[in-house]
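**Student:** Assemble chain C onto chain F, guided by the hints.
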Amino acid sequence: MSLELLHRRLVVGMGLVALAAFAGGAGFEPISMILAALALTLALIWQPNFAVSLRLERLWLPVAIVLLLRSLYHIFLVGDDVVIPVVDLLLLLLCAEALRSLDAPNDARLYILTFALLVASTAYRPGVLFALAFVTYVVLATLALVVGHLRRKAERHDVRERLVGRRFLAGMGGLSGVTLIMSGVVFIAFPRLSRGWASRGDVLATSIAGFADQVSIGEHGSRIYPNPEIVLRVEFPDGTPENPFTLHWRGRSYDRFDGVRWSRSAGLPPSIGPARWYEAWGSGRVRQQIYAAPLDVDVLFALHPLLEARSDNPRIQPLFDNAGDHIYWGSGSPSYQALSVADRPAPTALREARSGFSPAREHYTQLPPLPQRVSDLADSLTQGLDSNYDKVTAINDFFHTEFDYTLELPGSAREATLEYFLFERGEGHCEYFSTAMVVLLRNLGIHSREVNGFLGGQWNDFGQYLAVTQNEAHSWVEVWFPGYGWIQFDPTPGGAGTSAAVTSWLWPGRFLFDGLQHRWNKWVLDYNLESQSGLYQRISQLLRAQTSEGQVTPGQLPASRISIGWIILTLMVMTVSGVALLRRSRRYSPEVELYLQFRESCRRAGFRADQGVAPLSLLDELARARHPAHWPARSVVDYYLRARFGGQNLDVLERQKMKNDLADVRRALRRARAPTEAPQGRL
Amino acid sequence: MKRSVSTTLRDAWRRLRGGRRLRFTLGGALFSVGSLAIGFAAVNTGNNLLYLLFGAMLGFIALSGWLSERVLRQLKIRRHTPRGVTVERPIRLTYYVTNRKRLFPTLAVYLIEERLAEPAFISRVGAGDSVAVGSENRFVQRGVYALKTLTLSTSFPFGMFTRERDIPLPDELVIWPRTDRPVRLPAHPGGRGRQPFSDSSGGAPGARGEYRGLREYRVGDDPKDIHWRTTAKIGTPVTREYDRDTTDTVRICLDTRGEPGDEAEVAIEVAAALAAQAYRIGRQFGITTCTSDLAPGGGSGQLERVLDLLARVDFHPSAPHLAPPIDAMGCVLVSFSGARRASYGAYIDPAGIPAAPTHAYAGVTEADRRAG
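From first to last, the protein sequence lines are chains F and C.
Going by the working numbering, the letters in the first sequence line up with residues 980 to 1662, in that order.
Going by the working numbering, the letters in the second sequence line up with residues 23 to 394, in that order.
One chain only, chain F, in its complex shape:
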């Protein structure tokens, strides 16, 4: 492969990789991406000559003008996202340059266009595939810049010898590691001072049911089919709770039920207790670092009761409304820290909670018109019970023991009613259970409400976080106890801790990829000043020699130093091995190397040039074929035989001539194809 072709392919490869990086973000537009990918792939395998290239220019130009006008239109008149139209123009220019003839002096333009595409991709919050694309781009760019530079020098000085070989290219590719290391160092160490103001980093928001202002029975959890889309990734900085699969991730509460639909009343008065009430719950606290996927509802999910929600993202402002639901104002993927109470008030304490502040009665004891038997059922279940807690518990246990959980939806509108569920069907999904319990409790005058959120999740060992998917969408009940606030009850059978506590997905690769994606989001896309300072603290702790008492034990190395020592030793072994390999590969003298290159060139041209073929036999074969490479080949073989077997030391000029003759051989072989069989009967 000539230097020109190699260079062109490397640069086109850069373009393809940059295109992949861009396509991995939110700015993906299928048509332009596919067309560009096709054009660049074509440029890899086909390089038009000058005449065809001129004709193609006549084709690109009007399209470029159209795209330019479109970009200007978006910039000055429409005022919406201007990046996509500009990127379309950029893609067209890139494809046009890639499909020029090989002798076109468009190196700099190609570099700039591919780099511009890579820069554009950073605006769209690309996923973890960007990391792979970035590494590949750096490697290809290193090779392309070197080969391009050598190519121009070779053209200018009419150099005939081959300047780069596979080993050289591999070495240069390896040296691109220097660039990557520098990139990593700058990324980690450069202080993050800016809060950022411009990023189209909003991934398309996932639509999720059950958290809108109105939710109908049968709609919530209506995605009965498995939906493994992750909505929350939760880390526990203070250690993972004992059974994370029983955790209820509270989202939104609903106070008004019209018999079919739950809704949130407008003008709801404050319905939460003072913060000091939570001290009566217990002293346990659980911190959560939550990375939420962008949803189309502005809800902050966390464990109940939530004491504090804080976000480092300035675009996210946590708020809570009168119902005590935590929401946020802003845009983007919410990433926040939540502090919740880990304990639950003891049953004895809750039994004693009889009087005190209660939220607006009309909201949390509101009932639609219901058959009498519903009220009778409530009375029968709680007959003889004195405290509200016992009544609540009785109703809760009723559903656990007498009902079954199913994801099958009711078959008709009549079967979808609450009454049918309570008295006929005896099974249903979580929303039926929570609705039924709230209705029964309200019939007894107990303040209660429906809450939607998620239950449990899937533990990701690789990423060390709890992945909460849409599969875990759930409904439960909150009951008001004066002096304690809203207490959670989950009437769904199997809804308490029976969520699949598995640590593997059906598709293991997706699990691993999600972990990678999470780390990418956390440590790259959302890397900030706090992450930096935390990292520095960790590094300094690692390097500091400490035992558990904080003092060094004489004669004993701390584990951190031992680890570093192993790393250094491994690197040294790798380096020495690499050097030894390289040295071993240079066991031949320059003349032998040149002869081996000559033999390899003949072999590729179709001549029989195996290891066992003698040099003179190879020459005879070239002579019999009357190949134009025969004459310079004679010189090459002559020098080789003299140096190898004749005991002569070639001087500098002779070696130079041998190289020049080898270049002539290569050129002649390229121009003429070798015959598969020598002509018979000719000399």
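By construction, these hints were calculated from the structure, which means they are not laboratory data.
Don't take each hint at face value.
In silico DSS-like pairs for lysine-lysine, Cα to Cα no more than 30 Å straight-line [to be verified]:
hint: 1; chain 1: F; residue 1: K1636; chain 2: C; residue 2: K98
hint: 2; chain 1: F; residue 1: K1636; chain 2: C; residue 2: K255
hint: 3; chain 1: C; residue 1: K246; chain 2: C; residue 2: K170
hint: 4; chain 1: C; residue 1: K98; chain 2: C; residue 2: K170
hint: 5; chain 1: C; residue 1: K123; chain 2: C; residue 2: K98
Nothing here was measured: the structure is a model prediction, and the numbers come from that model.
**Tutor:** Leaving out everything else, chain C in the frame of chain F:
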């Protein structure tokens, strides 16, 4: 004398640099500006991925600097300067380059001589390998040109920066004056009947007269005249010397008293042309200037010695008067002032000698001439 602070600092910086220089190419300057722009954008927007790109661009710059330094290291270079280079003739300098590095090749390096327009180019020298490269230049003025340092220059690997390294490689180039001025050897002084300088009664070099004695062998002498017995005895070649017919010897007297300039160069070229003519017709010839003297001799070696002398000679207004070691009547005076011409056997006014058809302007190299 106490050195100034600036001089001290400059010397210290030069020592620290180790004779290396780094310059931006246009591409490198644009790349560096682009890096700053990306870095600024990263800080301004807080986009973490831009920090990655910024770091990568800095990495390219660092890698470029390191590789360009590696390429110029551990090179052993030997220069071969040709002898006998005449003005306006192409001169080819050959460099024998050995790459002493064990692993790393040297690629795309220029070898630049000070004041020479065309550098030599090393396309590739493999690790442990050697290569010969050359450069071709032309000089437009005679003289001795000192070659002091050889500059290695490369913009490998990316063409962003040009790194240069000076290595001391002292040598000199002697550029002979032209010898193709259309001038005729004048008739031998001493009157009629004598053979002109341009005629040769003996003809061939090594023509004999009476035996005079032995002298040290000089390059160009007839080997048949070597006295082998004495040579073996003393260990130094000696040759027989004969009284040659003085009409066969041309003594050129070049008056170098005067201002240097074009006229002086013409005078030198005339003297060179006379010597070349004498050599061609087989005469012995010698040359005397105001400051130097070369005894007559014959052959190509003598011509080289004369041309060497003429390459180095300088004109000066206060040079001593011309004082030939023999009777001035036996000399051919070349002088544009014509002083004391009557004392000499023949006189050639350089002003009257036209230029050769392809004569070039005076100057050091074409680059200097173009620079004015």
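**Student:** For this structure, which hints from the list above don't hold up?
**Tutor:** Hints 2 and 3 not satisfied by this model.
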